[in-house]
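For reference, the chains in residue letters:
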Amino acid sequence: MVKLNQLRKDNPLIICITNDVVKNFTANGLLALGASPAMATERQEMDEFLAHAGALLINIGSIEEGDKENMLQAAAFANKHHVPIVLDPVACGASKFRKDFCLRLLNEHHISVIRGNASELAALADDATMKGTDADQSLSTESVARRAYDKFKTAIIATGAVDAICQDGQIMLVENGTPMLTKVTGGGCLLGAVVASFIYNETKPSLALLTEAIATYTIAAERAAHSANGTLPGHFAVNLIDQLYLIQQDDIAKESRVKEV
Amino acid sequence: MVKLNQLRKDNPLIICITNDVVKNFTANGLLALGASPAMATERQEMDEFLAHAGALLINIGSIEEGDKENMLQAAAFANKHHVPIVLDPVACGASKFRKDFCLRLLNEHHISVIRGNASELAALADDATMKGTDADQSLSTESVARRAYDKFKTAIIATGAVDAICQDGQIMLVENGTPMLTKVTGGGCLLGAVVASFIYNETKPSLALLTEAIATYTIAAERAAHSANGTLPGHFAVNLIDQLYLIQQDDIAKESRVKEV
Amino acid sequence: MVKLNQLRKDNPLIICITNDVVKNFTANGLLALGASPAMATERQEMDEFLAHAGALLINIGSIEEGDKENMLQAAAFANKHHVPIVLDPVACGASKFRKDFCLRLLNEHHISVIRGNASELAALADDATMKGTDADQSLSTESVARRAYDKFKTAIIATGAVDAICQDGQIMLVENGTPMLTKVTGGGCLLGAVVASFIYNETKPSLALLTEAIATYTIAAERAAHSANGTLPGHFAVNLIDQLYLIQQDDIAKESRVKEV
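Residue numbers (the working numbering), protein chains in the order written: chain A, 15 to 275; chain B, 15 to 275; chain C, 15 to 275.
Incorrect hints may appear among the rest.
Copies of the same chain look alike in the list, so a pair counts if it fits in one copy or across any two.
What the hints assert, rightly or not - Below, computed lysine-lysine pairings styled on PhoX-like, alpha-carbon distance capped at 20 Å:
#1 Lys197 x Lys165
#2 Lys145 x Lys23
#3 Lys218 x Lys165
Just so you know, the hints here were simulated from the structure itself, not pulled from any lab data.
Let the hints inform the model, and build the full structure from the sequences given.
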């Protein structure tokens with residue numbers, strides 16, 4: 015686990031096509047971490063932006079029909095420039111519209127990482143359905159990560175009480191985190207953006223690198239929950255930005271609770 | 015006043031088609047309260063989302079021509095699934111474009127509650143005009159609520175220094191609240207979303223239920239203003255999310271200042 | 015430097031067509047300062063909104079093809095009603111799409127102030143390019159402000175470690191500020207909106223007025239950085255809203271570090 019210092023030195027440009035609800039939170043989170051977010055979406059400028067970018071995040075949280083072409087074109091330019099793509103298939107089990115789009119994106123372009131909750135990944139991998147944006151807590155992130163990996167043959171991050179990461183068929187579990195992440199909007203969306211920030215320039219990120227990204231974020235979240243008023247959601251969200259700014263590479267090695275299975 | 019515990023147990027899905035300025039604040043407020051917000055807008059997925067939803071909020075704060083069809087279709091699907099709709103006619107007195115759209119929505123679909131400030135409701139009920147989004151403080155919320163009720167024959171919530179609620183021709187006044195709500199953007203918009211959260215599954219909410227929703231929100235706001243730095247707008251907004259999370263059903267009965275007129 | 019009290023008394027309506035990332039932060043900042051923000055964008059209502067407006071902000075941070083016509087029409091109505099326009103050409107050096115649009119806007123309509131970082135202004139004035147949204151720190155704000163003024167013959171605000179303002183060929187430097195402004199998204203965008211708030215009704219704002227706007231904002235930012243946890247980005251953003259609310263006209267005269275060159 016050795017990338018955070020390098021990330022802060024390189025300050026990679028991360029293009030975030032993300033939902034309207036979390037754009038501010040996402041941009042502030044990435045700035046705090048040490049990346050350089052740009053929330054550009056227009057396809058006419060994507061070739062130029064992606065030529066300098068370290069990674070592309072596509073989060074479909076507030077997707078409308080008119081956004082699809084921008085997302086598809088961005089993915090094509092990212093592939094052209096060998097820029098890794100993180101897909102966050104928000105609520106893809108809640109509508110055919112969302113699921114069809116995700117499957118089309120996965121079919122037509124190379125996606126480096128899919129980051130979702132267990133219900134979202136089950137919808138993609140198993141045809142499960144879901145109500146709104148929340149996860150079914152009874153699903154195992156480990157098993158759904160494996161099934162999604164088997165289907166899409168790309169890195170999977172299944173987040174929940176325990177986060178499961180699958181790459182090359184191997185699974186890593188991260189037990190860090192706090193239930194406060196489910197009390198603020200964008201707790202998962204920001205994690206997807208943090209993953210994009212860590213994997214800049216690597217279209218096939220290693221299991222270790224993905225694990226470091228998740229551990230960094232979830233340890234920062236634990237610290238945010240333990241800071242002043244951090245068990246209240248308004249203050250927790252503010253503290254989380256602070257802790258992404260404060261966290262150091264050494265903290266991650268000391269505080270991470272990670273196991274390979 | 016007995017719904018808050020039930021709301022937290024049922025965790026109703028609230029579809030929020032709301033303005034770009036307050037999406038994050040609204041989602042965080044509803045999560046803190048105990049509802050499950052989804053900020054979906056695309057009409058192709060509305061039938062599926064509304065099939066599982068408890069309520070639909072339509073807030074026109076940042077409406078563009080291209081949003082109208084999504085809002086109208088969402089209203090149609092909400093009516094089909096017997097999902098109550100709360101309309102927040104932001105700044106509807108400031109342009110013909112906004113007012114015409116609100117009147118069309120009210121004419122073509124069943125709206126369960128209209129939530130606005132006195133100037134917005136006067137624009138709908140009396141053809142008054144307004145400058146931007148702010149309310150004329152000289153208008154009486156009580157009288158404008160009654161006039162809007164008489165015109166639209168649906169529940170009206172007129173917010174201001176004193177909030178007036180009219181249902182079935184009866185009026186309830188809620189004197190709780192704080193001027194700090196006017197110092198942050200979305201103070202009224204979030205209230206509309208809170209109302210939607212309380213009335214889930216009830217297309218004709220009672221005066222008592224609407225009163226509980228307003229009392230819950232305005233008492234949380236009073237507490238936010240009395241918390242650390244709560245008389246400063248940056249901290250007040252953070253505190254308000256915290257207080258929506260902390261408030262308990264018993265607090266409302268003790269602290270509400272409500273009177274029937 | 016004498017406008018802040020008058021601004022708070024007049025509470026001017028400021029129409030903000032700004033990017034999706036900073037709409038909430040911008041609206042809260044202007045409310046705290048004492049202006050009345052309205053984030054309306056639809057061209058069908060712009061004539062009515064601008065008839066009552068004090069200023070128009072056009073910030074292209076998240077511009078898509080479909081936004082261009084709304085921005086151009088808004089500019090036309092602002093010119094018709096003699097409402098000053100502030101243009102914030104976010105990342106205009108990062109794509110031809112952005113730069114062409116800014117040049118078209120500047121060519122077809124009267125813009126009262128252009129507010130950008132050194133890289134953005136160099137892109138407009140000198141055909142320089144840039145990566146994403148961040149400024150090249152080696153560029154001098156003073157020299158780029160002068161070159162942009164020479165090209166566009168309208169007031170220029172070049173923000174950086176030292177902010178440079180050019181009007182009528184004269185330059186003022188403002189040394190107030192804090193690096194924390196670069197750690198939160200929208201630090202520059204909100205400044206553009208604050209400038210719009212100060213210059214209401216003045217299509218040719220004086221150098222002194224523009225200087226007061228910048229000094230007010232950067233002194234509030236200094237105070238935010240010195241308030242509790244203000245060296246952490248999450249709390250800094252909250253504190254900045256508070257300090258825009260607290261700052262008084264007298265503070266600006268005492269704390270500003272301004273020099274004419």
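Quiz item: Looking back at the numbered hints, which does the structure fail to meet, lowest number first?
Solution: Those not satisfied come down to hint 1.
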